[in-house]
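Sequence lines, in order, name chains X and R. Quick note: the first sequence, position 382, residue 382 per this note's numbering, numbers continuous. Count along the second sequence from 1, then add 438; that gives the number in this note's numbering.
Errors might be hidden in some of the hints.
To be verified - Below are the BS3-like pairs computed for lysine-lysine, each with C-alpha atoms no more than 27 Å apart in a straight line:
no., chain 1, residue 1, chain 2, residue 2
1, X, K419, X, K110
2, X, K130, X, K386
3, R, K798, X, K130
4, X, K419, X, K57
5, R, K798, X, K110
Hints listed in this document are in silico derivations from the structure and should not be mistaken for laboratory results.
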Amino acid sequence: MNQYLPLAGVRICDFSAVWAGQTATMYLADMGAECIKVENPFIWSPMTRAASPRINKITASFIPPWLGGHPNGDPGPRPWNNSPAFIHVMRNKKSFTVDSRRPEGLAIVKALIRVSDVLAENLAIGTLEKLGLDDDAIRAERPDIIILHMPAFGRTGDYVQGRGYGAHIDAVAGSTILRGYRDSSPLTNVQIFAGDYFAGMHGAIATLAALRHRRRTGEGQVVEVAQLEASSQMFPQAAMDAAWNGRAQASIGNRSIEGFVPNGVFPARGDDRWIAISCRDEAEWAALVAFMGSPAWAARNGFETASGRAAHEEEIEERLAEWTSRHDQQELFHALQRAGVTAGPVLSAKDAAEDPHLAVGSWQTLPATADYPETPFARPAYRFSKSDVGIRTEPALFGQHNDYVYRDLLGLRDEEVAKFRESGHIADTYDPEMVARA
Amino acid sequence: MDALEGLTVVDLTSHIAGPYATKVLADLGARVIKVERPGGDPSRRLGPFLGDEPGLERSGTFHFLNTNKESLVLNLKEPRGREVLHRLLPIADLVVSSRPPAVARRLGIDYESVRAVADVPVLSITNFGQSGPYRDYRLSDTTLYAMGGEMFSHGLAGREPLKLGGTAALLQGGAMGAIAALGALHAWEVHRVGQQVDVSLFDAQICSVDRRSSTIMAYRFSGRVQERAPGAGAGIAGGIYAVADGYVEVTAASGEYWSRFVEMIDDDHLRGPRWSEPATLMDPTAKEEVDGIVYPWMLTRTRQEVWAEARRARAMVAPLFTGVDLANDPVLRERGLWTEIEHSLLGRLPMLGRPYTLEKTPWRLRQPAPMLGEHTRAILASLGYTPAEAASLYDEGAVA
């Protein structure tokens with residue numbers, strides 16, 4: 001256990017919230033950093049541990065599954081410990097509670113900073129400063145610390161006060177305008193939060209780089225990952241086309257930016273079953289035509305090349321859809337792959353949970369707690385043959401590591417700990433009055 | 439000083455995902471030697487091309503993905519091409535490949551083959567990983583996103599599921615590869631341990647945030663399956679609105695989101711407790727009433743005017759930008775989102791710049807993407823090949 005951890009001995013004081021920040025520190029925790037979440041029983045941090053601290057059986061059922069699908073549909077008394085949206089990002093982390101707005105609470109935070117190598121945050125602009133924790137104050141406690149800021153649109157410039165979740169980052173990064181149906185305006189585009197995913201990864205990347213520099217030179221630094229700027233790298237084709245050719249790319253639906261024809265999502269037999277197919281080169285098209293039994297519409301002169309097919313793309317898509325709709329999604333997936341055609345089923349959550357390939361190594365079953373039953377969790381997407389980079393400890397429950405932080409790490413005595421407990425800093429649940437107001 | 443100064447990466451990747459991972463390392467200061475097959479990385483043939491004129495050195499996609507790298511063209515199907523690789527591997531701190539497992543074995547660039555020459559970290563970024571029933575299956579950005587668990591819930595109910603723009607899913611996998619690479623490099627430097635590191639693009643989708651791991655967990659927890667919504671937005675306000683010169687994305691569902699939205703619109707009719715009552719939120723005529731105020735407000739303002747009001751009111755509203763907006767936006771330019779390359783064939787050109795700022799080890803562009811085989815001769819010399827030996831390697835087609 002704990003062999004060859006890449007970030008052995010690195011400690012993170014983690015103020016991160018929502019997905020972008022919490023996934024950034026999740027990757028670092030996976031790599032072996034001791035990541036300590038700073039949580040406040042008197043403040044509800046939106047979209048960080050659950051949709052709401054008051055979510056119950058009824059309200060959960062009105063909230064989309066990704067956010068409202070708590071165990072057995074019932075969030076129970078501590079919904080912040082069992083949200084399907086946030087439980088994964090708590091893995092390998094520790095959680096302790098403190099009201100950092102009060103002087104003695106702030107002193108505890110500062111004591112933690114003094115023994116930390118990284119401070120990570122993506123709170124609304126100005127939040128840490130209001131606590132008295134601007135960069136200078138943080139560095140006064142720990143001169144060689146790495147400070148990771150992950151603002152939405154940057155800490156400088158006119159957009160500083162721009163607020164946003166992933167959907168708003170996606171909007172400005174150029175993602176939203178590129179991902180609608182070809183035949184309808186962006187007004188029908190639903191929200192997706194690709195910006196959280198991509199910016200979160202870049203938060204980890206930048207910190208890993210800064211940690212390497214610090215390991216060699218002893219020098220910390222301020223790292224800023226503006227979520228918008230990181231996310232804009234997800235669409236280089238559109239960005240480069242604009243910069244080099246002055247062209248504003250619009251959505252091409254499920255067609256390919258790489259020139260594959262056909263490329264799309266086609267109906268399979270049954271209700272809401274779909275299969276994605278890409279013919280990435282002429283051999284794949286030929287294989288598809290042969291597999292379909294060389295129907296006249298496909299085995300046509302001029303269709304051998306992608307440019308020839310592109311002139312009849314609409315027709316090819318319609319004919320192909322007609323053909324795929326007669327086939328079972330899974331059977332067609334395997335048969336096309338065996339025939340040499342790039343194809344993949346559109347997997348629903350249920351399909352993915354039951355997928356035989358993922359069953360081989362993508363899940364790790366974690367034991368039951370008071371807040372959720374024994375359940376398979378998604379493992380990290382990287383597998384190291386020697387370093388123990390995986391789920392080493394289960395998702396941190398709210399306040400689960402108060403003893404560790406206050407006693408073991410910061411060395412408080414029993415009577416001091418008792419005082420912090422009495423005054424509400426140390427808690428394993430949110431303040432009921434705050435919950436009632438939230 | 440660069441954060442990854444002194445590290446050498448032998449980069450055997452091609453197309454999009456793998457090269458993005460190694461671009462991240464190169465841009466942070468690692469020396470990345472890109473081993474290209476004869477004829478070049480297929481992504482040299484991907485648009486957009488400068489002036490819409492195709493050419494191996496004119497792809498904007500390739501240029502973006504390969505900044506700060508060196509190009510060494512090796513024919514790994516030839517024994518003497520492999521011999522060059524074997525001389526190269528011992529200088530590597532990290533080897534990255536993206537070939538399918540069976541192809542990697544054939545070319546002698548799988549983990550076991552590399553380890554026999556140099557016991558360094560070897561990262562593979564593959565479609566479906568090193569094991570499991572889909573190991574040898576093909577993949578495209580579209581089929582990847584389809585299988586990734588998110589597409590099923592993206593788009594409108596009753597219509598086909600939708601992918602993201604461009605090749606976002608592949609780039610996401612590349613970024614995951616970069617995290618793994620940096621982890622492997624830390625383990626290499628701290629513990630002196632070489633090892634196999636495997637990133638499957640499929641796992642990088644499934645095991646990640648937004649509606650991937652969360653929808654799967656929701657199904658396991660509650661049996662509920664996330665489906666596509668009947669339309670954008672919900673409740674009395676929210677979703678995408680048309681404005682005078684385009685669109686804006688709005689979150690205004692309830693609570694503080696709603697009160698800040700109202701503060702942005704600044705209309706007295708929308709103030710007051712009525713708009714927070716659950717009955718109102720569900721009432722379609724209430725939405726019509728709100729729309730009657732909000733639509734004209736939006737349509738008489740530009741995206742930038744709406745965004746400025748939103749920032750004043752701290753409302754969750756942001757404009758939909760196109761690539762051209764990103765390229766021209768003065769605020770983003772001033773912050774340094776864009777940089778420039780100086781290319782010996784193409785001249786001075788804009789390049790999408792840094793994804794982050796590092797105070798002490800700034801992200802920087804040292805050189806543009808390499809021309810095909812631009813560094814072959816210099817690298818051969820540095821590996822101790824005499825000019826005569828190098829010439830014979832060229833003659834035999836082992837290098838180019």
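Hint check results:
| no. | hint | in the structure |
| --- | --- | --- |
| 1 | X:K419 - X:K110 | holds, 18 Å |
| 2 | X:K130 - X:K386 | violated, 44 Å |
| 3 | R:K798 - X:K130 | holds, 26 Å |
| 4 | X:K419 - X:K57 | violated, 36 Å |
| 5 | R:K798 - X:K110 | holds, 24 Å |
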